[in-house]
Structure formats: C-alpha cells, structure tokens
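Chain order of the listed sequences is G, Z and S. This note's numbering numbers the first residue of the first sequence as 1 and each following residue consecutively. This note's numbering numbers the first residue of the second sequence as 1001 and each following residue consecutively. This note's numbering numbers the first residue of the third sequence as 2001 and each following residue consecutively.
None of these hints come from the bench; they were simulated from the model. No residue lacks a Cβ here, since even glycine has one placed at the ideal position from N, Cα and C. Treat the hints with caution; some may be incorrect.
In the DSSO-like style, the derived pairs of lysine-lysine whose C-alpha atoms are separated by at most 27 Å in a straight line are [what the hints assert, rightly or not]:
{"id": "1", "chain 1": "G", "residue 1": "K83", "chain 2": "S", "residue 2": "K2504"}
{"id": "2", "chain 1": "Z", "residue 1": "K1260", "chain 2": "S", "residue 2": "K2746"}
{"id": "3", "chain 1": "G", "residue 1": "K73", "chain 2": "Z", "residue 2": "K1245"}
{"id": "4", "chain 1": "G", "residue 1": "K4", "chain 2": "Z", "residue 2": "K1245"}
{"id": "5", "chain 1": "G", "residue 1": "K92", "chain 2": "S", "residue 2": "K2017"}
{"id": "6", "chain 1": "Z", "residue 1": "K1264", "chain 2": "S", "residue 2": "K2588"}
{"id": "7", "chain 1": "S", "residue 1": "K2756", "chain 2": "Z", "residue 2": "K1264"}
{"id": "8", "chain 1": "S", "residue 1": "K2749", "chain 2": "Z", "residue 2": "K1245"}
{"id": "9", "chain 1": "S", "residue 1": "K2307", "chain 2": "Z", "residue 2": "K1260"}
{"id": "10", "chain 1": "Z", "residue 1": "K1264", "chain 2": "G", "residue 2": "K74"}
{"id": "11", "chain 1": "S", "residue 1": "K2433", "chain 2": "G", "residue 2": "K3"}
{"id": "12", "chain 1": "S", "residue 1": "K2282", "chain 2": "S", "residue 2": "K2311"}
{"id": "13", "chain 1": "G", "residue 1": "K73", "chain 2": "Z", "residue 2": "K1260"}
{"id": "14", "chain 1": "G", "residue 1": "K4", "chain 2": "Z", "residue 2": "K1053"}
{"id": "15", "chain 1": "S", "residue 1": "K2749", "chain 2": "Z", "residue 2": "K1260"}
One-sided excerpt, in silico: chain G residues whose CB lies under 8 Å from chain Z [to be verified]:
{"id": "16", "residue": "K3"}
{"id": "17", "residue": "G49"}
{"id": "18", "residue": "A112"}
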Amino acid sequence: MTKKYHVTTTVNGDEYEVLCEPQQSLLDVLRDTLTLTGTKEGCATGDCGACSVVVDGRLVCSCLMLAVEADGKKVETIEGMAKDEDLHPLQKNFLEFNGLQCGICTPGILIAARELLKRNPDPTETEVRYWLAGNLCRCTGYDKIIRSVLVTAKEMRGS
Amino acid sequence: MADLRYEAPETLNAAVALLAGASGMTRVLAGGTDVIVQMETDLIEPELLVDIKKIPEVRQIAAENGGWRVGAAVTGMELVEHAAFCKAWPGVIDGVKLIGSIQVKGRATMGGNLCNASPAADSVPALVAAGATARIVGPKGTRDVAVETIPTGPGKTSLAKGEFIASFFFPKRPAHSGDAYLRFTPRTEMDIAVVGVGINLTLDGSGTCTAARVALGAVAPTVLLVNDAAKALIGTKVDAAALDKLATAASAACRPIDDKRGTKEYRIKVTGVIAKRAAQIALERARKS
Amino acid sequence: MATILEKSGFNPDRKLKIVGSSPVKHDGLDKVTGRAKFGADYFLPGMLVGKVLRSPHAHANIRSIDISAAEALPGVKAVITRDDFPEIKAGTPQGDVTRNVIAREKALYEGHPVAAVAAISESIAKKAMKLIKVDYEVLPHVIDAVEAMQPGAPILHDHIRTKGVKGAENQKTNVVERLDLSMGDADKGFKEADVIVEHEYDSKPMHQGYIEPQACVATSTEDGQIELWCCTQAPFVYRDRLSEILKIDASKINVQQSELGGGFGGKTGFYTEPLAIMLARKSKRPVKITLTRAEVFRGTGPVSGTKSRVKMGVRKDGRITAAEAELVFQTGAFTGSMFSNAPQAMFTRYDLENIKTVSYEVVSNRPKVNSFRAPCVPQIVFGVEGVIDELARKIGMDPIDLRLKNAAKEGYKTIYGDVFGPIGFVETLQAAKKCEHYTSPKKPGTGRGVAAGFWFNRGGETSTTLNLAPDGTVTIIIGTADVAGSRISISMMAAEELGVPVDKVHVRLADTASLGFNRVTAGSRTTYSVGMTVVDSARQCIKELTRRAAQIWKVPDEGVVFEDGYCRPASSNVGDFEPLSIADICKKTTMSHGAIVASTSMNVTGAGPGFGLHIVDVDVDRETGAVQILRYTVVEDAGKAIHRLQVEGQYQGGAVQGIGWALNEEYIYGADGKLQNPGFLDYRMPVASDVPMIGTEIVEVPNPRHPFGLRGVGEVPVVPTMAAIANAIGDCIGIRPTSLPMSPPKLLKLMDDAKKGKGR
C-alpha cells in the first residue's frame, strides 16, 4: 500500500484536504478525488494543454504538477471562471462566435486565454496564437477560437 | 520496488543529505516537466523525489559582480518576465522561451533542462555560448563548473551521487556583446529541436568580432562547443564570407543520428543554415548593445 | 415509418426565420463552464479502475497467460484474458472484432490488448499488470503494406485468401482483397489524349487526433444487464457489436453516449468497452477504463497509409479522356479499411467516361485502421488533383477552368452506379474563381495551389422522437452522436417547422434503450438524416395539433391551418376563433387526449453529394524545407447552411486537419515494429501558431430531397487539402511532392536533388 500524503490546497476559493499518492498529478486529484472534471486529460505529458489550470497566479499544465506540490497553493480551474450566474466575457464570446465545437479543449483554452488577457490586454493575432500554442484543438482549426479571444480583448479594453 | 517517497527540504544541506543517503533511484524535482512525464510514460521509477523548490537559493535571480546569478529552479516564465536579465542575455531567453508552451514554461527550469541531458534541450546551447557556470552542491561541498561539463550523454550527467545544481552564474558582459539561440523545428512551437544553435559574440569598437562561442544542440549525444565555428567569426566583421565559414565549421562538427525528428543528412545541412541565421541575430544585438 | 415525408417538401421560396442564422448552441454553456460530461467524467459508487495490458511485440504467438499472481494482489478485483470472452471463429466479421478487442491466438501489433485488470486504485492496477506473465513466441513482423504483399512476407492470418483474384484459394496471403472498378474503355480513352500524366504517390498512416482519449464506465447487474457510459460516434453499433461478441441480448445492453471530445471517424469502433464490461461482470462492480494518449496511438485505429499510381489523359481542348489508378491500402491487423471509397470517389467530381481502377487492401502488423473523414479518399485525391493540375499546366489552361470543363453535373452516372441529382460542383468552382483569394495576386516567391474534392454524403438508418410538453416546449431525443454541434442545427430545423423560438427546443442524446436503431455518426449524415426525421416528426405533431384545435373549435379538421406556431381558422367561414398556440393546445389537451409525441424511424435516402475547392498560398523556406501556410480558403457547397458559424467551423477544422496531414503527421515505426511517436510531442498536429485564419465561402445549391435543402459538410473539407498544399508547394519551388507528409527533410531533399539534376 503506497504511503499517502496529506495535502491542503485551495481550489476556486474552497479549501480542500486530501490524501493522495505521491505520483498522482494535480490533474488526477482534481478530477478523481475532488471530482472537478472540468479540467481534462488529453495526454498527461504536457503537450496538449487540455489540463490547463492556474496555480498561485501562474498558468500551468496540471498534469505536470504532482498533487503534493499543490500543498498550500491556490488553484484556479474552469469551474471557477464564471462568477455565479455571470460568465466571463471569454466564455460569453466563445458561445456567441462559435469558438468551440466538441468542447474538450475549451476549458484549457479559456483558462489560458484569460491569463493572456490579464497580462496583455491588447494582443495581436500572432501573440494570441503563440500564447495558445500549448493548447491543441482538433475540431475548429483555431480560427474561431482566436477570433473569440480578440473580440473579447477589444470588449474588455472598451469597458 | 519500493514505493515512491516525496520530500521537500528547505535547505541545500537537507536536500544533499536526502539525495546522498538514498539507496534506490532518486530524482531532483524542480519544474517536473521532464521527471513527471518520464514517470507517467514508465521510463523511470524513482523511489525518492527531492523537491528543491522550497530552498531559497535555487529560486532567486540576483545581480552579482556585474553578472547574474540565477537559481537552478527559477521557472522559464519567471526568467522571461525578468526585464533586466532579458536585456543582458536575450539569447539565453530565446532558448528558454522555446522550452515548450506557456504552461510548460510556467514550471520548467534551466536546471532541469540541463540535467535532464536531452541532446536537444533548448536552453543549453545558449547557456554554453554564454559561458555560464553551474554551482553544484553536494556531500563534498560546493564547486563551480562550466555548464558544458554537466551533460555527458543522453540522459546522463557528470553529477555524483548526492549532488545537484543550485544556481547558474552568467558573467559580466563586455560592451558590444550579443547572443542568440535559434533552432529548427517542423512546427512553429511545441516541438523538440531538430537542430539548435546558440551563439554569443563580442565586437570591438570597429565592429570586428573579438570573441565568440558557438554551441550546437540536437546534433550529438551532448551539446557541442565548437571552437572551429567560433574561430570562423573571430577577427572578422561577421560578413557573408565569415558566415559561410561558420556554417561549414558548424556542419562539420555535427555528429547527428537518424531519428524520428530528423535524418543525419538533414541535420548536418540545416545546422549550417541555422548557425548563420543565429549569428546574424547575435550580431544585430551586439551592434545595438 | 415515415408518414408525412414522402416528398421532402423543399420549397426554395420559403421564408426562413431561424434556419440560416447562428444562435448560440444549447450544449455550449456546459462546455464553456466545464460542466459537460465527456467519457471520462462519469463516476459510479464502488467504481474500480481498469487498465489494459498490451503486447510489446508487433507479431507474436501467445502461448500462455498466467494471471494468478495478479489476481492474488490485494485490491485487485478481476483480471480478464481471452479465456473470458466467447469463442468466435477467426476470419468471420465478429471473429475479427473480438480479436481486435483482445488478442486470442496471436498478438498482431505492438499495443494489441492481451489482458485487463480492475482494481481499487490505478497504482494497484498498474502493479497487477506487471505480475501478469505472458509467454510470447515472437514472430517476424511486417509493417509496410507493399512489403506485406510480397511473397515470403510474414503472414498475419492463415485464413486470408485474396478476394477478387481467381486461383487465390490456396494461397496464404496478407492481401485481403483486390477490387476492380471500372467504366467505359480507359485504354481507348488514353489513345485519344494529347497529353498523358502519370505519377506514383505514397502516404503514411496518420491518426484522427481527437483530444479526448477513449473512456468508458461499465456496470453489470446480477442478471446480466449491462449499462455502458462511453464516448462514441455509434452507440447503437457498439450495442449490437457488443451483443454479438459478448453473446448478450442487445436489449440487455444499454449504451449511453457521453459528450464526445472529437471522433472524426476514430470512435466508430470500440476498444475498451468490451473489456470494461467483462471486468464489471467478473468483479461485480462498475469499472472505468480511460486510455492514455500512448494507448490511443498504439491501440486505436489510425488512418490507412497508401501507395498509389494515378494516370490521366487530356485533349488539347481540355476534355479529360481517361483515368487509371492502382491503389494499395494498409488496413492494419484486420480487414475493414473501407478502401472501396477510394475508387468510387477519387475521380467522381469529373464527368469522366473512361476509368479503370484496381485497389488492394493489405493487412500488416499495425493497429487495425479506423475511419477518418472521407475514409481512404483524401490521401488518394492527393495524387489525382496533382495530376489534374499538371494536365492543366501542360495544355496551358487555368487550373480551375480545366476542372470546370470536366465538372460533373446533374444526370452524370457515377462509377458506383448512382446518378447525380442537382449538385453544386460547377457553382463551387465558379465561386472559387471569383473569390478574393483567387483573384488577388500572390506574393513573389510564394506558391499558390488549388484542388477539388467530393464526398458522397450519406443518409442511413435514423430514429428520433419529438414530444411536446404541456407547456408547449419541445424535447427531441436523437440517437446519432453529436460530434461537432449538430444538436443546435436540429433544434433550429424543428423550431422553424413548429414556429417556436429555438430556445424552446431541446435536443438530447438518448441512450440506446430509448430509440430504434441509429446508424453511426459518419458520412456527414447527421444534420441531414436527423433533420429529415425530426422534420417528419414535427409535421406529424403539427397534424395532431390541428386535429385537436379542430376538436376544440368543433370544426372539421380541414378548417384549421398551422402557421408560425399557431393553429388558426383556415378562413373566416370556419369561424371567428382566437389562434391557439402550441402551448395553449398542449395545456388544454394533454391530460384528456394524451401527450403529443411523434417518432420517426427510417432509412434516410437522398443525401446530396458535396463538393469543394480549396485555394492555398504557401511559402517554402528554401534552406530548410519548412512550409508556411500563408493563406487558405475553403469554397464548399453546403446545400443550405442551417447554422452558418457551424458550417464555417466544419470547413476550417477540416482544412487544418488536412494541413497537419499534409505537412507533418505520420506514424513512425522502428525496425522492431514498435511505434516511436505515440504522443503529441512527436505526432505533430498543427498548433495555433502554425496556421492562419481560414477563409470560407459557403455556396448553396440546395438538395431538393431535404426539407431545408442541406447537404452534409463534415468530410469534404479534408478531401482536397493535402493536394491543394502540394500543388501550392509545386508552384513555389517548381517540384510537386508525391509523398505524404511533405515534411521539411523530404522537401529539402527534393529541392537539393532538383538542383543536382536528379529526380523527376
């Protein structure tokens, strides 16, 4: 029986205490222990970005962090992106401009895009593409994703 | 096989003691972007992971004696966001920027990139071209070595049991110096380098190159520091003729393999092309500095 | 039984209020908030973790499997092998299906499942797998299809005899079938040609690349009822195949499809589901299996690699006189590549009279292939559209003009026997010729290429139910998986028919117990077929609504008409009654007369073929061979774009998949028969920075067989893509590549060889 580690972490503002095996990733624990399944596993090797979350303000792949490393840290996932009934402008615009088809990459992309706009409120198309290079999408060809982000950036600058 | 143990010591000495005292396979956990992937794909089964991120020395970026001391576990993004370091060593930043996606750079470190010892590691050629040194801590104390002595083969380093890199030191830069790292990959991002070239050069007041270091990645079992390629630049104005000589010397130094990322023949050819392009960027930066 | 929809009732003058717009899709909200439940997002009490043990060898006899140590490990609740599955004769369709799910006599590819474990945690399941002892007798393997055809190649299946070849009855072989498909007299046609072009082409297997790995949760009750939650494009097909290979009544298996994180054809056949079910049976607990990305690459069906020879002849005036092709398709370890699509579709956008094709399907030691968009066709059109371009160049004709000169039109009888109804190939070509991309000059030093594509589009068995709640809102249950967002288009069509706002219509993906058989989501059939049955059901409901209004008003049925969501008196003679809305009638009459529900099940026919023309500008780095896509435009006929943004999305997504296939995607095998790139690092799909915005032009030549005139659009966008890019590269560097993928080392070699005077 593998020894378990006691981890206290805050996810979307809620404090959780979990027991986890040391090799379990933050992604594993978010999904299987906390049943927050909005964050997706596409590859578990950091190549697709479907598992993107924010840890202590930093955009990361949750498959590339062990759950034990999240002890004492603040984690933000897709489930925390909307504030109650209010969607984040990115979420709203992805819906309006059809920035998603099957939707499996969408949580990761929304989290990554939100972090981009926090740092760079006026990105060029190229800057958006390079920032999102770590988020694979196979359905959309990226076009409407990029457009949705650019529209949102403009809207957020305006307000 | 014993079960995995995870430790997060708060001092260098505590980390050294853990690593030196372990009997089975150990790994230092900095960013984890290689170690965790290797565990996930069953390439390694460590019995002890020593997470060094709680140790202050490995996480700092500080000016030191006109140069820069960068902790081995500073993340890629932290380094990329450090304006002063970016200004001083843009070529090193070129390399760091290419270690995977924004998400990967949010965790990945130069220490990990170097010690994972992939021949194609993106931060290593520029690190070597910069003449950086690594401060190693271990059971026998502390020592500083040139970074190019660390990787000894794919996946292998010269570190002894119990040793790990605590920080890197980048020397003070002479005026009119510039560095650059360029690589070839089939896609624009997210690929492992097929060929990588790091060039660091210094010009004198008349625009003649007085010093140069040329390092090649992904074309040999370890990074190559190519003296002949540097000699092709030194004493010249880094004009077209010098660049051609540089390309020839770089291609000649390659000892690449055929693998899923590129053929021998392709790598040899493209090394020369990339070396020229990297040199031109380094030259521009040297002229502006 | 369709009662209303004998003719589709397509009316080109109908004023549409909803169809043709782009409302927010209903399933979108859950997807942007992370609430949508995909295959791996399902949990049941007591659920165990299942893991699959796979063969490390490309070809091996399995002498024995010892699971005793694994079973004894604390925390392990079940271990299964071939012994737990019903015996089914090799060489039958079900025999192949069961052997792909779990190896019986032999492991036929690296990654072939050999055993599976269910345990209380993933780490225990992994430990248990290490304790399973499999005794393999390693055999020589063969990976490449052409090598597998040669005498002396290792034979995968003793029972295979080449179908379609006389005298093959006694010859063990890896060639499953030789298919001859011809029409007219190609030899005569070539004699009439002024210019003949012939080339050989090859392509490597690639993967559909869906971001969601396969995942399922299975339960089995004491009396053998199976509940299966899984991501699939074919819940009914899964149910029926599971029934066949597990020997369980179909009515005892209920498959509930989850949201699907991409399929593109790759999730039309199962992998983990039978294993999860048998583990659930043996352990008496729910079992979840999720594949890792490496397992997806090693164990699920890729796309056929091919070798082809294409020859075409043209007269100086631009009429193509003959076409010939010889094609070899790799099907992996078992037959089932759908290779007959290729000879049927490869030339079919042109009204050729003389065609001769020979195609082969060959097994080899790789995973069995699965469909991709337009299975087996894009990699062949890669060659055909290059030949067409070269013919155009050699007779000095504009490449689109040559295609126009030979464009198939209504009335053309295809090589597979169908006669085209109204089609939009000419209109698509004309739109392409006029479009801004084609008419604007290209940048100096860059290349421009065009290529055309065709896909049959399918109909098929479809079953749906539409019911009106007492408050007048509409629920539709469908059994055809939604791979990209077809639910909103279906809601729109129902809303249009019923005259209600689209947000009063909800479409749900039913489990297999709730509906009659629905064919797999494939062939670009969903919006077309489900639209058809849903419109039929809507019209049945409208008939019932008018009947009830007539009863309420005590007038004859003919005295009531339905318009814009209301029943009204047909004229003032009928009486002066206030119009009744759907909600009014449902509220008033549901309790007394029962619910208003209609179900429609039919084999939908009349799907209209789709055509496209792609235009692409590229730049090639002359020193490294790297290709940059500068500009891309998809011009395609949608018949009628029900949801415009969705249709654009299909065009753009298909184009970018084709870009990946064209430039970098391939399976790389070592000499040991093992896959070297089972991950997204070295299986190189396009990332956001690799591609530009993808321009789209939606042409609309309605298909009159459908109430709204629509044609499927899912597959055509991939068909011409690699050809268009290759043609653009040819225009850029003067050499048109013939081998996929057109990766930098290959292009650099082409350019270098040309400089040295070698090569073609």
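Margin query: Flag every earlier hint the structure violates by its number, smallest first.
Written below: 3, 4, 6, 10, 11, 12, 13
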